[in-house]
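**Q** Okay, here's what each chain looks like letter by letter:
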Amino acid sequence: MVGALGRNLTSKAVLTPTIIAMTVCFYGCMAWTIYVSFTRSGMLPNYDLVGLAQYDRLWGDNRWHVSFANMFIFGVLFITGALALGTLLAVLIDTKVRMEGAFRTIFLYPLSMSFIVTGLAWRWFLDPTDGLQSFVRSLGWETFEFDWLVDRDMAIYTIVIAAIWQGSGLIMAIMLAGLRSIDRDVWKATKMDGIPTWRAYVSVILPQLQPLVITCVVLLAITVVKSFDLVVALTNGGPGFASDLPAKFVVDAAFERANIGQASAAAVMMLMAVIAALAPYFYLVRRRS
Amino acid sequence: MTRKSVLLGGAAVMTALLPAAMANAQTADVIHWWTSGGESRAIGVFADAFEDAGGTWVDSAMVGGQAARASAMTRIAGGEPPTAMQWNIGVAVQQLAEEGLLRPLNDLAEAGNWTDNLPPLIVENATHDGNFYAVPVNIHADNWMWYSTAIFDEVGVEPPETWDDFFAVADQIQAAGYTPLALGGQPWQESLLFRTIIIAAGGRDYYRQVFVDHDVEAAGGPQMVEAFELFGRLRDYVDEGSPGRLWNEATMMVANNEAAIQIMGDWAKGEFNAAGLVAGEDYGCHMAPGTRDAYVLVVDVFTFPVLDEDDATAAQTMLAEIMMDPAHQVEFNRHKGALPARLDADAGAIDACAAIGEQIVSDPDAQLPNMALAFSNDVEGQVTDLVTEYWNDPSMTAEEAAERFSDIVANADS
Amino acid sequence: MTVAVDQVAVTSAPKPRGFQITPGRIGLYAFLIISALFFLIPLLIVFNTSLKPMDEIRAGDIFDLPIDPSFAAWAEAWTSACTGRNCEGIRVGFWNSVKILVPSVIFSILIAAINGYALAQWRFKGSELILGALMLGAFIPYQVILYPMVRILSTVGLYGSLPGIIVVHIIFGLPVLTLIFRNFYSGIPIELIKAARIDGAGFFRIFFSIMLPMSTNILIVALILQVTGIWNDYLLGLIFAGRENLPMTVQLNNIVGSVTGERTFNVDMAATMLTALPPLIVYFLSGRYFVRGITAGAVKG
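Protein chains in written order, with numbering that gives the first Met the number 0: chain A, 0 to 288; chain B, 0 to 413; chain C, 0 to 300.
Worth flagging that the hints you see were computed from the coordinates, not collected in a lab. As the structure is a prediction and not an experimental result, all values here were calculated from the model. A hint or two may mislead.
If you want a taste of the chain B side facing chain C, the calculated C-beta under 7 Å gives, among others [claimed, not checked]: (1) Ser-59; (2) Ala-60; (3) Val-62; (4) Ala-76.
We treat Cβ as the ideally placed atom computed from N, Cα and C, and that holds for glycine.
Isolated chain A (complex conformation) (with noise of 0.2 Å):
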């Protein structure tokens, strides 16, 4: 099988590079950043390790307990609301409506445009003072209020309703493409059985597109955590740091704050956070193998 041998070894040849490149970017880069969250560091890497110093002083920072709060509020809001739309919106289309594919190509742009974008044009659209709040004002309704994005206890929704505009076409387009995978027998099976459409919905046909279900929701869970630059854009963590994200967090410690340490530390957070999102997933996929 010298064949086999030499194939191979173009194979190995081919792949050495790309193996050492993610090695150290990835992976020698992930070691170096958890190495560094237990040393001293501050404007510059440093090596002297100080135990868990670091993560002290982060779990006593408020920033980082809201922006690691509302990691979650944005995530579970994000994630339900995003499945919700974008689910709904694909049985409506499924129900042989006219149009279908101006409604799909509607639902579905916003995906092609940047979070800088999202976040820029949302930003326009909820401001208070010359958005929608100050037209519907205009128009008689002068005790009307929708200040979400200047008010500390709702800006971190208003990221949660421009990432649902931006993300739930991608569910609808995703489940719309499983169920019109059902066999139509099974349609046929819940006519026959007398059972209404809506409950044919959630008690049949939905429950076997659960394997989408949760490709989408670890979908969604990465745009969560990665989610830094709808941020910057839309409300750049403001007002005050109501709506900061551990992404924005590590980001401004590392380059703005000059604290590698807290920065490294933060970042640790986000690696587990991410671990524990995909933790079910992997489980899930190894059980089914």
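Could you slot chains B and C onto chain A? The hints should help.
**A** Just chains B and C now, with coordinates in the frame of chain A:
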């Protein structure tokens, strides 16, 4: 050649053979955060002078000091530092020097006799271990109050001297249908406002205890509680468009007579000037309430990262000399709204506001450190976080805020 | 993940037969139309505002149609919008993005396709490990990698340069792309390759003359994923590109963030539209491939 001889060589070229140096096109990539109308004109003075001398100015302007510092730090980490970077003089510059990231400028400083031509406080902070590391270009103060003379006349009020006055005046202004306080709701602006209130609440000696001595007990004391209380009361006098607003947008609200008062450093004056308004007529200036005897110094400096190429070092030298030139400093600060950093820069006829400023700053006891002079960027960030959290969270008590302030100061020097 | 993703292909529904007006149908259409408005309005407002002069913006509100629509603000945004003293418009960012995009897309797809093919061919003890490592790599948040990556690029002298940002995009694109190609090539009948080998064709010969021509579909998917992903990137461009090469998204945020005198909303919004257009065009041209491209890429980062 060693680095030192390169530097000396560069300086010699500049001082002895200036026309020859001009023949070589030098490129200066300058990071700064001067993007408002007045500021753009001001930095343009240096840029034009540099280009007139044969150099090429590459403008790396960032919006906001934090973004500019982030960009500078990223580029230093990436081994591609800019030719020059703006900073506020203070602890951060000292740290950069300590880490060996900045080029010492002793050769230029000695040749230009900087030590004698700059105020002692600036010399002290622009040097580290006896070496000059920064070129100071101006002296600003944080604690200015700008007001719309049109609104004040219409309502019939005088500039408030104390915060009690302020609330009385602001109530009348609000009743007349104007926004009393134009605030850009960005953390650094909230923090600036709060610091002027600390002086009013505790007096300048108290301010020194906290910001110079880092006295932990004082930082959590009753004066701080009172400052936070006063600060919290201001929430009722700000319009809802405040969050995220840029400082110069807030200044324009006063300039356009939409809002009555802005508490902001005297870079705001550059903005009024750029809009063609005249100090004392179209807009008024006054020290912030309760800070008549204080001048919270903000000094913009340029620092020069250590660079390997001779060309780049020569460009730094050229830039430093242009920025330290008395005539350029006068022209620069005419747009910027500040006093020149050089004592021998004769500003000539100065406006009504600058006259007030010069009188106060001439008293050394009035000179107080701003945030950058008091703390590192890291600690400054923590204070700013606290102040903005308090401002945006009415449920936080002033006592709790003061206690947390004291915690930050306690850990500031560890 | 990618297995599930590959199933996504929206087939068209059978044409509606007949049309009955029932309360249910009316409600359904009402909901769909309201949803459509929700998706359309933010961008329409940006577009609408970009066509108005400033005095109309000041006088009216966001839903007022322009009295005298003009693309003047677009021209200004393109040629003379300012950040600081640089007033050369957003076209600088546009061309920077193009310069970053083209090589990044070509090289990342080529490398990933070859790697994916090699992985599909090469079954050995460690290949599972490599696959797992690639998969996990796709999920690591950039924030964990950013700072050390800056140092690495600085060491090899690429930080802040065009090649630097291109290398970063290639590396960060590799895990997902490689997996996509690997899954695709795993599905190709082994007999085909065996026959070619008997004819004496080597690795690259087989790849370029047999595999690549068969890969049109997956190449389109990869192309869409990379073009939109790299065009829309903000963070990597901000950190790695260097001031000469800042991509359009970063420049857009700088232009919108800096105000000299009065805020020029029309120019800001025109710049936003200009930045949004390239991926929008890709979207309208790519049709059903688009979802597959984006889905494959959503795991990136």
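**Q** Tell me, in ascending order, the numbers of any earlier hints that this structure violates.
**A** Of the numbered hints given earlier, the structure breaks none, since each of them holds.
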